[in-house]
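Heads up: the protein sequence lines correspond to chains C and S, in order.
Residue 1036 is where the first sequence starts when you use the numbering used here, and the numbers rise one by one after that.
Residue 268 is where the second sequence starts when you use the numbering used here, and the numbers rise one by one after that.
Everything labelled a hint here was simulated from the structure, so no lab data went into it.
Quick reminder that beta carbons are idealized off the backbone N, C-alpha and C, glycines included.
Fair warning: there could be bad hints in the mix.
[As the list claims (entries may be wrong)] Counterexamples of contact, computed for chain C against chain S with all Cβ distances above 10 Å: (1) I1053; (2) A1072; (3) Q1083; (4) R1142; (5) Y1170; (6) G1228; (7) G1357; (8) P1367; (9) Y1453; (10) F1476; (11) A1492.
[Said to hold, decoys possible] Covered, in the sense of this in silico footprint (three residues per stretch, anywhere, with C-beta under 8 Å from a C-beta of chain C), are these stretches of chain S: (12) 285-297; (13) 301-308; (14) 315-328; (15) 338-344; (16) 347-359.
[Unchecked claim] Keeping only pairs whose Cα atoms sit at most 35 Å apart, straight-line, the calculated DSBU-like set for lysine-lysine is: (17) K1282/C with K1495/C; (18) K1292/C with K343/S; (19) K1144/C with K343/S; (20) K1082/C with K277/S.
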Amino acid sequence: MHNLFIGELADRLAKRQISSVELTQHFLGRIERLNPALNAMITLTAKQALADAAAADARLSAGERGPLLGIPLIHKDIFCTDGVRTSCGSRMLDNFVAPYDATVVARLKAAGTVMLGKSNMDEFAMGSSNETSYYGPVKNPWDTAKVPGGSSGGSAAATAARLTPFATGTDTGGSIRQPAALTGVTGLKPTYGRVSRYGMIAFASSLDQAGVFARSAGDAAAVLQVMAGFDPRDSTSVDVPVPDYSKALGQPLKGMKIGLLREFFEGLEPRNAALLEDALNIYTGLGAETLQVSLPHLPLSVPTYYVVAPAECSSNLSRFDGVRYGYRCENPKDLMDLYKRSRGEGFGAEVKRRIMTGTYVLSAGYFDAYYLKAQKARRLITDDFRAAFDKVDLVIGPTTPTPAFDIGAKMDDPVLMYLNDIYTIGANLAGLPGVSVPCGFVEGLPMGLQLIGPHFAEAKLLNAAHQYQQATDWHTHAPRGYT
Amino acid sequence: MSLTRQDVEKIAHLARLSITAQEMPVYVNSLSSIVDFVDELSRADTEGVLPMAHPLDGQHQRLRADVVSESDNHEKYQHNAPAVTAGLYVVPRVIE
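Okay, chain C solo, but in the shape it has when bound (with noise of 0.2 Å):
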């Protein structure tokens, strides 16, 4: 059962082959005997799961039908969640009962989806291993003492071990699309703006956005369906229409251009190249034409990146005060010692270390030189994918450099932890939709492919991944244990 896709549950739900609770009880049952080896969870709500499906099989009872109607999902613990404990993998929100749901939550609560419970995270999104949360790593299930990548390292593992058909995931810098080409899965990140970041805990605010974990590209084509859209709660949010996702998966790709980009295959270790080469015959195959493109800026994206999240960072974590909500120190002797120790106990090592790059960067006398410079950088990189979308439809690429780490390698190297989000940085910088599914092993570990689009291109990057699927097994390979 926990091999099937989102829309073969659906038809099973449909046709009353299966309910919803029975569903929910085989993941939640799943979770418990094969979760403990890999802390993807933070919460279980098994609870409320059974409650809320039973609730979507009185409604499929009644005749209602919807593609995720009594399907489980599980939300990444960034994305606030009414009455449950939304920690985003810190001590600082260990204690936190989010007042409301985010859009996200909201919107897949309409749906009918059964949330199984919270997943494991870097703290507040900021790392690219999941060795970072408060609650420790989450292990790759590929091999567990390899890192699942991160941040969303939690809901990717647990997608991967077949512990949810799907989950949710923030990417701000590869957030998404790292830990799924780490644990084989299918990650998308959308355009910013596409979906509502109105509850989904701020890290920064302007590379920020939400997605998707799935086990296919067709599968979140009908989550990004439900996720998508604007919300008025969210200042950022844009009102564009929302194209039919699922519909758009059955385009031909003849003529379609995609472009290489010559930065990203520069120098890229050779089993990871030979896996490329793999696929971009494929897409050949497929009618594709495939051109030569350069982002010539590129090399500037990870420096910028590193000035512009730790900046936005360190603002948005300044509401963390220890006075309205979160963990405050004990015996506080005035309110200067207050904010500082509740804070510095409060967040862990890489938090504090993104809020004081940002802090100095944004500090009178280095703002010109470093955050100023760096939104200029910005737009330099912003501008060579524009033109490089004038020549191409999509853009591709590695998704990572390497398969999944050890853990603990790259820990005290906050620079080489840094540097692995190469590929996929430049896509928050500019905005733009990616997504990373599995192409292959290395050391019998999963890599992903990376397709980037323009803005709002998430049917045409969707539907060229579902080409690619379709083409290949790839993304119906399981973990060992987890089949």
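Starting from the known structure of chain C, arrange chain S on it as the hints suggest.
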């Protein structure tokens, strides 16, 4: 080291973060390496380039009618507060 201990102490104060004496050398070290890394930007030619604050150019802040849209949920919201008395957030004494 591009940042000194004094620099990091000042940044930590601005950011309202207490950093223990044991943690301090680690932050001096790692923040220095991050600053060195992002210094690569100084080599980029950005002459005449407009800074970009938002990924979707041409978007404007929307306005809405000035009407009440939310009900009073202060009790629910204050449920998460570390200390509340009579609907007020409690902090250490500020004025003697």
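Status of each hint after checking the structure:
I1053/C, annotated as away from the interface, keeps every beta carbon of chain S farther than 10 Å; the closest lies near 37 Å. Here A1072/C stays apart from chain S, with its beta-carbon at least about 31 Å from theirs, past the 10 Å limit. Every CB of chain S is more than 10 Å from the CB of Q1083/C (nearest about 18 Å), matching its label as outside the interface. Once the 10 Å rule is applied to beta carbons, R1142/C is consistent with being away from chain S; the minimum gap is 19 Å.
Consistency note on Y1170/C: stated as away from chain S, and its beta-carbon is indeed over 10 Å from all of that chain's, at 19 Å minimum. Distance to chain S contradicts G1228/C as a non-interface residue, since its nearest Cβ pair spans about 6 Å, not more than 10 Å. Its closest Cβ contact with chain S, about 7 Å, brings G1357/C to no more than 10 Å, contrary to its assignment away from the interface. Against the 10 Å criterion, P1367/C falls within the reach of chain S, whose nearest CB is about 5 Å from its own CB.
The claim that Y1453/C lies off the interface is violated: its Cβ sits roughly 7 Å from the closest Cβ of chain S, which falls inside the 10 Å cut-off. Consistency note on F1476/C: stated as away from chain S, and its beta-carbon is indeed over 10 Å from all of that chain's, at 32 Å minimum. Taking the minimum C-beta to C-beta distance to chain S, about 14 Å, the non-interface status of A1492/C holds against the 10 Å cut. Beta-carbon proximity to chain C at under 8 Å applies to 7 residues in the segment 285-297 of chain S; the threshold of 3 is reached and the given coverage holds.
Closer than 8 Å: that is the beta-carbon criterion, and the segment 301-308 of chain S has 7 residues meeting it against chain C, so the requirement of 3 holds. With a threshold of 8 Å between beta carbons, the proposed coverage of the segment 315-328 of chain S by chain C holds, since 10 of its residues qualify and at least three are required. A count of 3 residues in the segment 338-344 of chain S with a Cβ less than 8 Å from any Cβ of chain C is obtained; the coverage claim is therefore met, three being the minimum. Requiring three or more residues with a Cβ within less than 8 Å of a Cβ of chain C, the coverage given for the segment 347-359 of chain S holds, as 7 such residues are present.
Among the hinted pairs, K1282/C with K1495/C is consistent with the structure: their alpha-carbon atoms are about 11 Å apart, no more than 35 Å. The hinted pair formed by K1292/C and K343/S fails the criterion: a straight-line CA distance of about 53 Å is larger than 35 Å. Straight-line distance between C-alpha atoms of K1144/C and K343/S comes to about 21 Å, which keeps the hinted pair within the 35 Å bound. This hinted pair does not check out: K1082/C and K277/S have alpha carbons roughly 49 Å apart, beyond 35 Å.
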